[in-house]
Amino acid sequence: MSDEIVLDVQDVAKTYRVGFFRKRVDAVKAVSFQIRRGEIFGLVGPNGAGKSTTIKMITGLVRPDRGQVRIFGMPSTRVAARARMGFLPENPNLYPHLKAGELMRFYGGLLGLSRKESDARAERLLEQVGLGHALDRPISKFSKGMKQRAGIAQALLGDPEFVVLDEPQSGLDPIGRREIRDLVVDLRRQGKTILFCSHILPDVEDICDRVTLVHQGQVRETGYIHELLNPDVLRYELFARRWTPELTDTLGDRVLQRFDIGEVSRVDLRGDIDLEETLALIASAGARVESLQPQKQRLEDVFIRDTSDTTETSEARP
Amino acid sequence: MIRTLRQIDAFARNALLEGLRNKVLYAVLVAALAALGAASAFGALSLHQEERLFNNLVFAIGHLFLVALAIYQGVNALHREIDSKTIFTVLSKPVTRASFLIGKFMASVGILTVCWALMFGAKALTALALGYEVGALHLATYAGSLMQLVLVLALAFFFSAFSGPLLSALFTFGLFVVGSLTPQLADASRQFANEGNPLHLILDATLYVIPDLEKLNLSYELATGIEVGWGYLVHALLYTGVTSGLLLGFGYLIFARRDFA
Ligand SMILES: Nc1ncnc2c1ncn2[C@@H]1O[C@H](COP(=O)(O)OP(=O)(O)OP(=O)(O)O)[C@@H](O)[C@H]1O
Ligand SMILES: [Mg+2]
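Sequence lines, in order, name chains W and G. For the first sequence, UniProt numbering gives the first residue as 1, with consecutive numbering after it. For the second sequence, UniProt numbering gives the first residue as 1, with consecutive numbering after it.
Pulled out of the complex, with its shape left as it was, chain W reads as follows (with noise of 0.2 angstroms):
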C-alpha cells in the first residue's frame, strides 16, 4: 500500500428536501475518510445511516451542501475522475429491454472503448461474474442475484483503478456471495483500491483493511480492523460431556452459562479465567471436552456497541 490518496471526502453533508412541504432530512451531516492506494476499505452502518447518499457524493450524482470529495485528487464532477472510476450503485437496475451482451455494448460506448475491446472486456467479465451462459438473455429475464452480477460486470468494464461497491453481495446467494468476496480481494491483488460498503459484517472484517463506521449520518469509527477489535478472548465457548451440576458449582464465577443438549452440554466461560486451571478442574470431576473455542470480539459487536443509543434503524432526525 502506498500513501498516494485515492480518494479524500471531506467533511461533506447533504441534506434532503421530502414532500410537499420540502421536509428537511439530514441524510448526512458530517463524514470524512480517506482511502489510500491498494486498500480495500469498508463502509458499515446501520440502514439508513447515509452510506448509499456518501457514495452518490463520492460517485457525483449527488452535490454535497457543505465539504468536498476528491478522486485522485479531482473533483468527483470532472470526468477524468469518473474515467478512472467503477460504480455499482446499491440494487442496481439496468435497461430491461437490452440482451446481457447489448447492455455491456452500451456501457463500453459510455467509456469510449471500441466495439471490439468492449466486447471482448464483456465476454471476460460476465464470465468472471458467473453470466457467461445469459450474454443473449434479457435483462428483465434475469433473477435479483444475475442483475447484480451485472451490475458487477458493468462497474468494471472501464478497468477502473478505484471499485465503489454499494452492497455488491446483496440479493445473492452464499456462494455467490464468497465468489464476490474473492472478486474484491482479487481486484485488489490487481492494484486496485476498493470502497466496499456492506451489511455482511464477517465479509467486511475479512477482507477489509480499514473500516468507517457511519451512524445518523456521522462518524462513529475509522481504522484499521485489528486496531477496531480487541484482541482479547470475551468468552471461552466449550461442548463437553458428562458435565455435572456440581462441576458448574466447582468452576463458581467461571462459568457465564450452560445448556444441556441432551448428553452434551454447552457452557460459556469468561476471558480471562486461567485456562490450564480450569480444563484441569474440568478433567478431574470426569467430564471429557469436546471442543473449546475462544471467542474474540467482532466487528459486529464494535457495531452494535457504537449504534445501540437507536433501536430501529438510525435515520435522521430533523
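Warning: the hint list may mix true and false statements.
Said to hold, decoys possible - The calculated lysine to aspartate or glutamate pairs, modelled on EDC-like cross-linking and capped at a C-alpha distance of 20 angstroms, are: (1) G:Lys85 to W:Asp136; (2) W:Lys141 to G:Glu18; (3) W:Lys23 to G:Asp259; (4) W:Lys99 to W:Asp136.
To be verified - The following residues of chain G were derived to be distant from chain W, with all beta-carbon distances above 10 angstroms: (5) Phe11; (6) Asn14; (7) Leu17; (8) Ser84; (9) Ala122; (10) Glu133; (11) Gly174; (12) Phe192; (13) Leu201.
If you are wondering where the hints come from, they were derived from the structure by calculation, not from laboratory data. All figures in this text were calculated on a predicted structure; none of them were measured in a lab. Where is the CB? At the ideal position from N, CA and C, for every residue including glycine.
Assemble the complex: chain W is given as a structure, and chain G with the ligands must be docked to it using the hints.
Positioned in the frame of chain W, the structure of chain G with the ligands alone reads:
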C-alpha cells in the same frame, strides 16, 4: 472527442432497441396508420374535393399522432432513466451531463424520424396508389412536421430537466397548442392594443418567448397550393436549430445542478 461520439452512438443504439422493443410505440403507430387508412377512405368518399381533403385530413391526423409520440418519447427519455435509476450507472461513467442530454436528445430525434418516415411514407404511398400527386410542396410540409417534432422534443426535454413526467408532458402539450396558435394570438394582441387594453403586452411577451410552431406548419400552403421557396426552408431549419439549441441549453443549466438520489 471520439469518446463523446461513441457515447452518442451508444445512447442512440440503446434508444433504438428500446423503441423497437416497446409495445407502446408500436400500438401508437398501428393506431395512427389505421386512422390514416380510415381518413383516406373518408377522403375518397367526398366528391371533387377528395384530394385536398385527403391531404389535409391525413396530414393533420398523422402529425397529431407524431406530436403525441414526440411528447411521450421526449418525456420518457429522461424520466425513465431517472425513475428506474439506470441514470446512476450512466452519470457515474465518464459521461458529462451535457453529452447525456445531447445523446438522449439525438436518440429521440432518431426514433421520431423513423416514425415520421413510416407515417408519411405510408401517406405518400397511399396517395400514389389513389392516383394523387406527391410533389415538392408535400415534402416541404412533411419536413415542416419533422421540424415541429424536433421542437416538441426539445420542449419536453427542457421541462423534464426540472419537473416530473406528468407536468412535463402537460407543459409540453400546452406549449404545443399555444405555439400552434401564434397567428390567432397575434391577432388578439393587435385587437387589445387597438382597444388600449394592457393585456396586449402580456400577449406580446408570450409570443416573444414561446416557440412559433405555426411557422413550421405548411398545411395551409399545401391546401391552397402556395409554393414555398428554399429561403423559407433554410429559415425554418435555422429557427428549429436555434430554438431547440436554446431549449436544450437552458435545460442543461438546470440539469447540471440536479441531484440524482
Ligand atoms: N432521495 C432521497 N430523498 C430523501 N431522503 C432520502 C433519499 N435518499 C435517502 N434518503 C434518506 O437519507 C437517509 C440516508 O439514506 P441512505 O440511503 O444514504 O442510507 P444507507 O446508509 O445507504 O442505508 P441502507 O443500509 O439501508 O442502504 C435516510 O434517512 C433516507 O431516508
Ligand atoms: Mg444504502
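Quick rundown of the hints versus the structure:
1. Pair hint Lys85 (chain G) plus Asp136 (chain W) does not hold up; C-alpha atoms about 23 angstroms apart against a cutoff of 20 angstroms.
2. A distance of roughly 15 angstroms separates the Cα atoms of Lys141 (chain W) and Glu18 (chain G); the hinted pair therefore holds under the 20 angstroms criterion.
3. Restraint check: the Cα-Cα separation between Lys23 (chain W) and Asp259 (chain G) comes to about 17 angstroms, which is no more than 20 angstroms; the hinted pair holds.
4. Between Lys99 (chain W) and Asp136 (chain W) the CA atoms are separated by roughly 6 angstroms; this keeps the pair inside 20 angstroms, and the hint holds.
5. With a closest Cβ-Cβ approach of about 8 angstroms to chain W, Phe11 (chain G) is found to fall inside the 10 angstroms limit, against its non-interface label.
6. The Cβ of Asn14 (chain G) does not lie farther than 10 angstroms from every Cβ of chain W; its closest approach is about 5 angstroms, which violates its non-interface assignment.
7. Residue placement check: Leu17 (chain G) does not keep its beta carbon more than 10 angstroms from all beta carbons of chain W (closest about 6 angstroms).
8. Interface exclusion of Ser84 (chain G) from chain W breaks down, the closest Cβ pair being 5 angstroms apart, not more than 10 angstroms.
9. With a least beta-carbon separation of about 26 angstroms from chain W, Ala122 (chain G) lies farther than 10 angstroms from that chain, consistent with its non-interface assignment.
10. Taking the minimum C-beta to C-beta distance to chain W, about 41 angstroms, the non-interface status of Glu133 (chain G) holds against the 10 angstroms cut.
11. For Gly174 (chain G), the non-interface assignment is confirmed: its Cβ lies about 23 angstroms from the closest Cβ of chain W, beyond the 10 angstroms cut-off.
12. No beta-carbon of chain W is positioned within 10 angstroms of the beta-carbon of Phe192 (chain G); the least distance is around 37 angstroms.
13. Non-interface call for Leu201 (chain G) relative to chain W: holds, since the shortest CB-CB distance, roughly 34 angstroms, exceeds 10 angstroms.
Checked against the numbered hints listed earlier, the structure breaks hints 1, 5, 6, 7 and 8; every other hint is satisfied.
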